[in-house]
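Chemist: The listed protein sequences derive, respectively, from chains C and Z.
Number 1351 marks the last residue of the first sequence (the numbering used here); no jumps.
Number 166 marks the last residue of the second sequence (the numbering used here); no jumps.
If you're looking for bench data, these hints aren't it; they were derived computationally from the structure.
Hints should not be assumed to be uniformly reliable.
[As the list claims (entries may be wrong)] In silico DSSO-like cross-links for lysine-lysine, where the CA-CA straight-line distance does not exceed 30 Å:
no.: 1; chain 1: C; residue 1: K1266; chain 2: Z; residue 2: K120
no.: 2; chain 1: C; residue 1: K1233; chain 2: Z; residue 2: K120
no.: 3; chain 1: C; residue 1: K1329; chain 2: Z; residue 2: K33
no.: 4; chain 1: Z; residue 1: K33; chain 2: Z; residue 2: K120
no.: 5; chain 1: Z; residue 1: K33; chain 2: Z; residue 2: K153
no.: 6; chain 1: C; residue 1: K1327; chain 2: Z; residue 2: K143
no.: 7; chain 1: C; residue 1: K1327; chain 2: Z; residue 2: K153
no.: 8; chain 1: Z; residue 1: K153; chain 2: Z; residue 2: K143
no.: 9; chain 1: Z; residue 1: K33; chain 2: C; residue 2: K1327
no.: 10; chain 1: Z; residue 1: K143; chain 2: Z; residue 2: K127
no.: 11; chain 1: Z; residue 1: K153; chain 2: C; residue 2: K1329
no.: 12; chain 1: Z; residue 1: K143; chain 2: C; residue 2: K1329
no.: 13; chain 1: Z; residue 1: K127; chain 2: C; residue 2: K1233
no.: 14; chain 1: Z; residue 1: K33; chain 2: C; residue 2: K1268
[To be verified] So the derived label-pair ranges between C-beta atoms look like this:
no.: 15; chain 1: C; residue 1: W1270; chain 2: Z; residue 2: V50; range: 18 to 26 Å
no.: 16; chain 1: C; residue 1: F1223; chain 2: Z; residue 2: K120; range: 20 to 28 Å
no.: 17; chain 1: Z; residue 1: V116; chain 2: C; residue 2: V1324; range: 20 to 28 Å
[Claimed, not checked] Over the 12 Å line for every Cβ pair with chain C, so calculated as not near, a few chain Z residues:
no.: 18; residue: K28
no.: 19; residue: A54
no.: 20; residue: S100
no.: 21; residue: E156
no.: 22; residue: E157
Just so it is clear, CB atoms sit at the ideal spot from N, CA and C, and this is done for glycine as well.
Here is what each chain is made of, one letter per residue.
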Amino acid sequence: MWLRLMIVAFFGNGLSPFGLKIITEHHLSGRYQYQYLASWYLSGTILLAAVLLKQKAWPSRWEIALGFLMGIASLLGQTGTVMALSRNVTGAVVFPLVLGGSVFFVTLGGRVLFKEKIGTYGILGVTLGIVALALLAIP
Amino acid sequence: MTSGYLFAILGLSSFSVLGLLSKFSETKACRPGPTTALMYVWPTVLVSAFAAFFQDAGFRVPLTIPYVAVPFGACGALASLTFLASLRYGKISSSWLIINLSALLPAVLSVVIYKERVGARKGFAVLLAIVALGLVYKDRQLEQAQRKGSEESGSKQASAI
């Protein structure tokens, strides 16, 4: 089950930012970037609201609190990255720091906070993954 | 330290917190549907307000914008939903790495669709990412085999008693 869900998550998450590339190729990203992002988030919200209505699932207190915090964290993450780039910190520094760093800290947090055990292959995979992310993300 | 670096650290810490909160939500038995829906509501409200009040064009945009944004936004929502659901069955460290490594997909699509040229460094990065995904999968298989082995020996001991 984990693998099937992760395959969907991998392709969904990988495809989702490609729309920005398309509007950039249409020379629309400079003027309509925020409108694009608003439509992007709105589309996701409508899809997820439809899922909620179908499941007739009313959010619990924890879901409301954590959903709010995760939304803010996501937005702050994007904003921090864009603002760092706009303040002349090079992509070569920003992307490895943000992407590679978050994989490192989440792995560390998983080990310390959630007592997750990682085998030798897992450690090697995460290390190579951080290097790959750094190399992929540097413009 | 310049403000640019402080913003980069803000990005790093926010994404790290997002990853850890995802796992925390699973430990609190939060359902992926409601949690992801609420996670999307706040950025929708804030970015829409920013676009409406601080952008000259407001929401008078070419149709290309919603035509592109709607399917890709739906992809993002589906990814968030399945990612949160996957945490019930797997480790945050492997799942978070895989989600981040999905960055190689738009890179590959840019090469295929827009004929972007790929240097040796990016090609090497794609190769490394594939090896990393294989290693994480191998780790997962070994963990499952160990768990299965310990469950079987446990049930044998119980039946012997």
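Chemist: Does each hint hold? Answer for all of them.
Modeler: Cross-check of the supplied hints:
1. K1266/C - K120/Z: 42 Å, violated
2. K1233/C - K120/Z: 13 Å, holds
3. K1329/C - K33/Z: Given that 30 Å is the threshold and the Cα spacing comes to 20 Å, the pair holds.
4. K33/Z - K120/Z: 46 Å, violated
5. K33/Z - K153/Z: It holds: about 26 Å lies between the C-alpha atoms, which stays within 30 Å.
6. K1327/C - K143/Z: 20 Å, holds
7. K1327/C - K153/Z: Holds, at roughly 20 Å.
8. K153/Z - K143/Z: This hinted pair holds, its Cα atoms lying about 15 Å apart.
9. K33/Z - K1327/C: 16 Å, holds
10. K143/Z - K127/Z: Cα-Cα ~24 Å, so holds.
11. K153/Z - K1329/C: Holds: K153/Z and K1329/C sit about 16 Å apart, inside 30 Å.
12. K143/Z - K1329/C: 14 Å, holds
13. K127/Z - K1233/C: With a Cα-Cα distance of about 17 Å, the restraint between K127/Z and K1233/C holds, given a limit of 30 Å.
14. K33/Z - K1268/C: 20 Å, holds
15. W1270/C - V50/Z: 18 to 26 Å: For V50/Z against W1270/C, whose Cβ atoms are near 20 Å apart, the range 18 to 26 Å holds.
16. F1223/C - K120/Z: 20 to 28 Å: 22 Å, holds
17. V116/Z - V1324/C: 20 to 28 Å: 39 Å, violated
18. K28: K28/Z is in fact no farther than 12 Å from some Cβ atom of chain C, at 6 Å.
19. A54: The claim is violated: A54/Z sits with its nearest Cβ about 9 Å from chain C, within 12 Å.
20. S100: 6 Å, violated
21. E156: About 16 Å separates E156/Z from the closest Cβ of chain C, which puts it past 12 Å; holds.
22. E157: 19 Å, holds
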